[in-house]
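S.K.: Sequence:
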Amino acid sequence: MVELGWRDYLPLLFALLLGGAVGLEREMNGRPAGLRTHILVCLSSTMLILISRLESTAAAAADGLVLDHRMGAGIVTGVGFLGASTVLRSGDFLRGLTTAACIWFVAGLGIVLGDHQYELAVVCTAIVLAVLTVVNRLAGYVTPTIYRRLVILARRPELETLANDVRAILSAEQMTVIDLASGHDNESGVHELVYYLALKHGEQAPRVTAQIARLPGIVEARWKLVAGT
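Per my numbering, the sequence shown starts with residue 140, numbered consecutively.
It is possible that some hints are incorrect.
To be verified - Listed next, with one range per pair, are the computed distances between beta-carbon atoms:
#, residue 1, residue 2, range
1, V358, L268, 49 to 55 angstroms
2, A320, G213, 45 to 51 angstroms
3, W243, L277, 18 to 24 angstroms
4, P296, L236, 45 to 51 angstroms
5, Q256, G169, 27 to 33 angstroms
6, L236, A320, 28 to 34 angstroms
Read the hints as simulated data drawn from the structure, not as lab findings. All C-beta atoms, glycine included, are put in the ideal place defined by N, C-alpha and C.
Full structure from sequences and hints, please.
M.R.: So this is what it looks like as structure tokens:
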């Protein structure tokens, strides 16, 4: 059995403080994994690395401490399942990716603390907190590109004219047409146009739908999320 001194418990204290700092930021922003989850993940990985180092040292009977890298790899792999459980998709929104990354970070933080690299752990935690606060505010000034699929059903013979009318509406809204597909149902006489678009603002979608609905022969116009975005 490995004997532990008070210094061996120091990494656990750092795990409580640093993991808790990241978790507190997530908790204050109402994220799915907050203070307790981040502390527990950081403490767990720190504990596992500590015992791995101590047992490796005792077994090797060497002067320096030996880190079993297999334990660290196992922690990083295992915590991925926990992080994945925080990611939720609701309609067009993907929520929880940053929290999943934070969980993965505090797991790595525990590995660093278990190796007694306190300075590295403190610096990395400070950088992460800066990203979660300062960079998050700066990101609000960036307009992301949104990818959507516009499906239009219409009963009118001149399909090319319809495609040009729709393209004019999209162009006026500064939407970029990435691709266009078409189809025709002989039984119902309904044409289908499918536009793959790049938008700057999601608020454009209802306005465009209303304009297209006023075109002659339109049966339906609807938006779909592009898979994989």
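S.K.: With reference to the structure, classify each hint as holding or not holding.
M.R.: Comparing the hints with the structure gives:
1. V358 x L268: 49 to 55 angstroms: Holds, at about 53 angstroms.
2. A320 x G213: 45 to 51 angstroms: holds, 46 angstroms
3. W243 x L277: 18 to 24 angstroms: holds, 23 angstroms
4. P296 x L236: 45 to 51 angstroms: holds, 47 angstroms
5. Q256 x G169: 27 to 33 angstroms: Once the Cβ atoms are compared, 32 angstroms apart, the range 27 to 33 angstroms for G169 and Q256 holds.
6. L236 x A320: 28 to 34 angstroms: holds, 30 angstroms
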